[in-house]
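Dock chain S against chain G, hints included.
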Amino acid sequence: MSFWTRIGVKITDIECFKQACRQHNIEYQENTDENFRWQGNRVVATLKDLGQNASNYYSSQAFLVESDGALKVAMDTHRQYSSIVDRIGTKLTRDYTKNVVEKGVRRAGGMVNSVQEQPDGSVIVRITAVA
Amino acid sequence: MKAATAREVIVTISPDGEKVEVDAIGFVGGACKDFTKNIISALGTVQEEKKKPEFFREVHEGVHIGS
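Protein sequences appear in the order of chains G and S.
Residues in the first sequence are numbered consecutively from 618, following this note's numbering.
Residues in the second sequence are numbered consecutively from 101, following this note's numbering.
With the rest of the complex left out, here is chain G (with noise of 0.2 Å):
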C-alpha cells in the first residue's frame, strides 16, 4: 500500500450526477430563472421524482442548488414529507460520487472490477490499474 486519502466530495461533473438521476427515476429539470431560489441558493435545476410514491407534486422534487462554489441536493429531509428521501435516501449524492469514480478510472486507463453496496449503504469500489 502506498498512500490513503480522505476526499470531502464536491458536486460538480453534471453529466454524473443527470447519470445518477437517470439510475433512480428522477427527472432532472434544468432551471433557467436566474430568481429562482432554495434557501437562499439559486436553483441549478429542479429534481423531479418519478419513482412509484411520487403522488404529491409538492413532496415529490428536490433542487440542485448552488452552494460554496459547488452544487449540492437540497430538500426536505424529513421523508414525510419528501418521496425522494422516503425512496432513495442520500443515495443520489452517493450514486453521483460513484459514476464520477468510474468516469476518472476510464479516463486514467484503469478498469473497475467490482462495485459493492454495502449493509451500512456505503459502496466499495474495487480497481485495478495495470502497470
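It cannot be assumed that every hint is accurate.
As the list claims (entries may be wrong) - Okay, the calculated bits of chain S under chain G, using three or more residues with CB under 8 Å as the criterion:
| id | segment |
| --- | --- |
| 1 | 106-119 |
| 2 | 122-129 |
| 3 | 137-148 |
Unchecked claim - Cross-link-like lysine-lysine pairs, in silico, PhoX-like; alpha carbons within 20 Å at most:
| id | chain 1 | residue 1 | chain 2 | residue 2 |
| --- | --- | --- | --- | --- |
| 4 | S | K119 | G | K689 |
| 5 | S | K137 | G | K720 |
| 6 | S | K151 | S | K119 |
| 7 | S | K137 | G | K627 |
| 8 | G | K720 | S | K119 |
| 9 | S | K151 | S | K137 |
| 10 | G | K665 | G | K635 |
| 11 | G | K720 | S | K133 |
As the list claims (entries may be wrong) - DEER-style ranges, computed between Cβ atoms:
| id | chain 1 | residue 1 | chain 2 | residue 2 | range |
| --- | --- | --- | --- | --- | --- |
| 12 | S | G130 | G | R654 | 38 to 46 Å |
| 13 | S | K150 | G | G668 | 36 to 44 Å |
| 14 | S | K150 | G | E647 | 36 to 44 Å |
| 15 | G | E644 | S | D134 | 25 to 33 Å |
Honestly, the hints are just simulated from the structure, not real lab data.
Just so you know, even glycine gets a beta-carbon here, dropped at the ideal spot from N, CA and C.
This is chain S only, laid out in the frame that chain G set:
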C-alpha cells in the same frame, strides 16, 4: 521479461456520498498519485492524507548483471 504488476485502488464511498476514502495498494513510489490524481480532483478536496512507507520507496528498473 518484466511481468505486469496488478495494482489495486479501493474506493470507499460513504452512505451519503459526501466522503470518499481512497486506498492504493501495490504501487511503488508516486505511481499511485499519477493514477489517482484526476479521480481525486474530480471528486472534491483532500481532507486527510497518509503516505505509507512504500510511497517513499524508489523504483528500480532495468537489468542487473551479477558476477
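### Hint numbers contradicted by this structure
Hint 15 is the one this structure does not satisfy, whereas the remaining hints hold.
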